[in-house]
Amino acid sequence: MNRAIIIALAFATAAACGNSAAVPILFTVSGAVDGELNGQSFSDAKFRLDLRTDTADTVAVVENGVTVYRNELGQAELILTRGTQTTVAQIAANQIYVRYDPTNGVVGFGSFAVGPFYPVSLDWCGVPMQCGAVQTTSPQFNILGALVQLKVDPKDTVFYSSAVPGLATQLKGPALLGGFLDACYSIDLNTQPPSCPSKPSVPIKTNQGNLYFQKQNIFGTGIFTAVTGTGVPW
Amino acid sequence: MSKRQRLVCAAACAAAWLAAGSAVAAPVTYTGFTVTDVSLNGIHYHNAAVTLTFVGDTANVATFNGMTGIYANENGTASVQIVSGATVLHATFASGQVFVSLDQNNGGFGFSSFVGASHTLEPAYPLGIDGNINPNGLNDLVTPIVQSGAQWSCIGFPIAYPQHSGHCGNPAAYPLATDHGPFVIYMPYYSMQGGKIVDDIGGALNNALFTIQLP
Numbered sequence: 001m002n003r004a005i006i007i008a009l010a011f012a013t014a015a016a017c018g019n020s021a022a023v024p025i026l027f028t029v030s031g032a033v034d035g036e037l038n039g040q041s042f043s044d045a046k047f048r049l050d051l052r053t054d055t056a057d058t059v060a061v062v063e064n065g066v067t068v069y070r071n072e073l074g075q076a077e078l079i080l081t082r083g084t085q086t087t088v089a090q091i092a093a094n095q096i097y098v099r100y101d102p103t104n105g106v107v108g109f110g111s112f113a114v115g116p117f118y119p120v121s122l123d124w125c126g127v128p129m130q131c132g133a134v135q136t137t138s139p140q141f142n143i144l145g146a147l148v149q150l151k152v153d154p155k156d157t158v159f160y161s162s163a164v165p166g167l168a169t170q171l172k173g174p175a176l177l178g179g180f181l182d183a184c185y186s187i188d189l190n191t192q193p194p195s196c197p198s199k200p201s202v203p204i205k206t207n208q209g210n211l212y213f214q215k216q217n218i219f220g221t222g223i224f225t226a227v228t229g230t231g232v233p234w
Numbered sequence: 235m236s237k238r239q240r241l242v243c244a245a246a247c248a249a250a251w252l253a254a255g256s257a258v259a260a261p262v263t264y265t266g267f268t269v270t271d272v273s274l275n276g277i278h279y280h281n282a283a284v285t286l287t288f289v290g291d292t293a294n295v296a297t298f299n300g301m302t303g304i305y306a307n308e309n310g311t312a313s314v315q316i317v318s319g320a321t322v323l324h325a326t327f328a329s330g331q332v333f334v335s336l337d338q339n340n341g342g343f344g345f346s347s348f349v350g351a352s353h354t355l356e357p358a359y360p361l362g363i364d365g366n367i368n369p370n371g372l373n374d375l376v377t378p379i380v381q382s383g384a385q386w387s388c389i390g391f392p393i394a395y396p397q398h399s400g401h402c403g404n405p406a407a408y409p410l411a412t413d414h415g416p417f418v419i420y421m422p423y424y425s426m427q428g429g430k431i432v433d434d435i436g437g438a439l440n441n442a443l444f445t446i447q448l449p
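Those sequence lines, one after another, are chains A and B. Position 160 (the first sequence) corresponds to 160 in my numbering; numbering is contiguous. Quick note: to get my numbering, add 234 to the position in the second sequence (first position is 1).
I should point out that these hints are in silico values taken from the structure, not numbers from a laboratory. Computed from a predicted model, the values in this text were never measured in an experiment. Where is the CB? At the ideal position from N, CA and C, for every residue including glycine. Misleading hints may appear alongside valid ones.
Stated by the list, open to error - Over 12 Å on every C-beta distance to chain B, these chain A residues come out as not near it, computed from the model:
| hint | residue |
| --- | --- |
| 1 | Val59 |
| 2 | Tyr69 |
| 3 | Arg82 |
| 4 | Ala89 |
| 5 | Pro174 |
| 6 | Tyr185 |
What the hints assert, rightly or not - Covered stretches of chain A (chain B as the covering partner; in silico rule of three or more C-beta atoms under 8 Å from a C-beta of chain B):
| hint | region |
| --- | --- |
| 7 | 29-41 |
| 8 | 137-146 |
| 9 | 175-182 |
| 10 | 199-212 |
| 11 | 216-228 |
Same shape as in the complex, but just chain A (with noise of 0.2 Å):
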């Protein structure tokens, strides 16, 4: 084959092969929570829980007419500190994923076992998928919100510093997101305050022992990052 054409059809075929290099990524969730690890109950322990995966693992898929963008694979870790004790806890494979949906202002780790908000979710409004449409007359309270708002009527930059807009992420990139904190199996919005009275029966298993989550108020906000590079320490 004539070696101009053969070249040609190398830089044709890279073009359309986009930008396949994988790059690893770390993406985290940090909060304080609720919960019981290997038996032990503990209350108000902040927590980091981490995914350490690659960028070529992140996929957008459609669930219920929207898309979202997962990463199912990667090794996952929960750091916990109750008190001056700090646990870093292994979490066996293929149990949690990262997800992240724009369009409800949903981030954080579902549970292939329990559901797409547990163990633990960011969200806009306080309780993930409850929020209702995102008024657009007003700012937003946290990142997700603006964000939500951003995608339904770009106009509204005017109520968000400059640097706001360009927090959009398909989480194939360095992220930060933020919101109200959620780590309940299934929230009582009905007891005064609200409460999470049970968990799921599946536990997260780690190589501490069994983990759950169940965040016993509706305060409390977290924070959603995602790191590129080898090497990141945390």
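Based on the hints, put chain B in the right spot on chain A.
Quick look at chain B alone, frame taken from chain A:
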């Protein structure tokens, strides 16, 4: 003294100690965590993981300037850790700048500071945390707690009162001195209405965590 008398005395002493509450001195560590833009010694780090730490003693917690519901711990050592990608930096603040505060009236915790040549008080700089705070945790600065809320790193806070500017001042004009050069923390994510930050609670979009730890 009989054994029975010693037991009664021990119980009474324990009850008195408990009633004294925070009067017993103990080492205490306060931490504030957020992800935001910072600079250290002139190098800018975008969306770095920032942990502020203040190590002190509970015996130094007191009301601030005699104001009811405002507490501070001004004696201790303040430091910062910055994690940006694979880079980890530590710096210790020069003394007399950064201290820890609690505002029960308005619902917030903070790493406050005295900045500039005039040693101006900045209650929400380098890091104030308010909004969606668990009210059950607004006790004091001696009870272990983990709280979360909105990140304020705002020169001039509060800025949304009537006749206030509606904008945070430029923090780069008020660097905090550390043993690794000047430190500046930014608040790049906020909401506005009419061209001003919307209010002193909902205006900050980003989030932060605050903890009090006793040994």
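Item to check | Hints not upheld, ascending by number | outcome: 3, 5 and 10
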